[in-house]
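Peer 1: Residues per chain, in single letters:
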Amino acid sequence: MAMDVALRLEVEDLHAEYCAALDEGRYEDWAALFTEDCLYRIVPRDNHERGLPLAIMHCESRGMLLDRIVAIRETSYYAPRTLRHMVSGIRVAAEADGALRGQANYLVLQTLPEQPTTLFNAGRYLDTMVREAGRLRLKERLCIFDSIVVPNSLIVPI
Amino acid sequence: MAMDVALRLEVEDLHAEYCAALDEGRYEDWAALFTEDCLYRIVPRDNHERGLPLAIMHCESRGMLLDRIVAIRETSYYAPRTLRHMVSGIRVAAEADGALRGQANYLVLQTLPEQPTTLFNAGRYLDTMVREAGRLRLKERLCIFDSIVVPNSLIVPI
Amino acid sequence: MAMDVALRLEVEDLHAEYCAALDEGRYEDWAALFTEDCLYRIVPRDNHERGLPLAIMHCESRGMLLDRIVAIRETSYYAPRTLRHMVSGIRVAAEADGALRGQANYLVLQTLPEQPTTLFNAGRYLDTMVREAGRLRLKERLCIFDSIVVPNSLIVPI
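Residue numbers (our numbering), protein chains in the order written: chain A, 1 to 158; chain B, 1 to 158; chain C, 1 to 158.
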């Protein structure tokens, strides 16, 4: 996996900015990390492995990501909470067409008001990244999560 | 975020040494990672965001960190336990004055004797780092934690 | 800790491939990350610190790792589950004999069918790495785990 060092660090930065944007509720900054024609999906592991189409969240463009953000902001019954993303095992490989394929493990922690911090969701990111206007962006991110027990609060991206 | 590669790795090393020193109970090594005139605070997220002054721990110099260490060592009712730090999303940016501003997400796990490992504390580090005698040191570290439910065992630094 | 940047990234890659191989059940790929004469041990922290010989798992060669894999595959009462490795605080230092000594914190999450994700095991990796046929390999990995409460499902490597 011969890979330019600067490019490696750029991928790590993309992950870090992604997590920070979500954790801080900067959803527009989060959406800006995707390409206009992106694919973003949150899928249970079993479904992914069996090739089943079901997804908890499915967005086929940055516009749909932005629609989603509006929906989150307008959902009044969504109790305030803090999410905290941890990412590990970042891997990346260049492909023949110039795109980058990447993956990483993630763990999202959740803290509800007056409650202790708990495990919220864990799984794997499967990414395709491209360079656009000089910056790396996500052309595709699949969030393949491990537990079929989906918290009913999974209305935000992970 | 154009950043010298060597400097980036140095910041990662600082995080790794910080965590290892705390996890191994090498508190003097931990204190040595700060500047003499450092600021170290552990603050609940709500208080930080509202600008409230309350802190669970507040040290305004390395001397105060060392005092704290003495207090920890002399606290006989503090049951032995293992803490384990996980850090993710390390970010760093150089500022005009030559200092480095950084942040990272953290998760601390706790294991009490004969007990399973549990989540102890999670949040975000907000740092200012400077170079002193050739080594990067923490001039300021704010530990902004997510859950207001503070374990009563939070008498050690995180 | 003056360390070649490329070598640092290579160590990170080794950790990432190790975790991905285990998480995806690619046990032969996992075993291929070790040298032929490797030592692999999973040891409770107390035993490690007191120098006691007890280990939950003890393999003295890659052949023993492969035997272990056969045993895992033939264990019919082992319920399917998903493991998810998170690694943090990767450190590495070159030694006089050309070997690399490394350590890192780890957290393994477990998800049983129809169950939420839970903490499975956390601790520290203590490694010796050598270069073999151009690739970094583990000559020794000690998994020093924090909680004496060992899940009865700890029959797979961590």
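There may be inaccurate statements among the hints.
Selected chain B positions facing chain A (in silico; Cβ < 10 Å) [unchecked claim]:
hint: 1; residue: 8
hint: 2; residue: 45
hint: 3; residue: 46
hint: 4; residue: 50
hint: 5; residue: 83
hint: 6; residue: 86
hint: 7; residue: 106
hint: 8; residue: 107
hint: 9; residue: 115
hint: 10; residue: 119
hint: 11; residue: 120
hint: 12; residue: 123
hint: 13; residue: 142
hint: 14; residue: 146
Treat the hints as calculated values from the structure; they're not laboratory data.
We put the CB at the ideal spot given by N, CA and C, even for glycine.
Peer 1: Out of the numbered hints, which ones does the structure contradict?
Peer 2: 4, 5, 9 and 13
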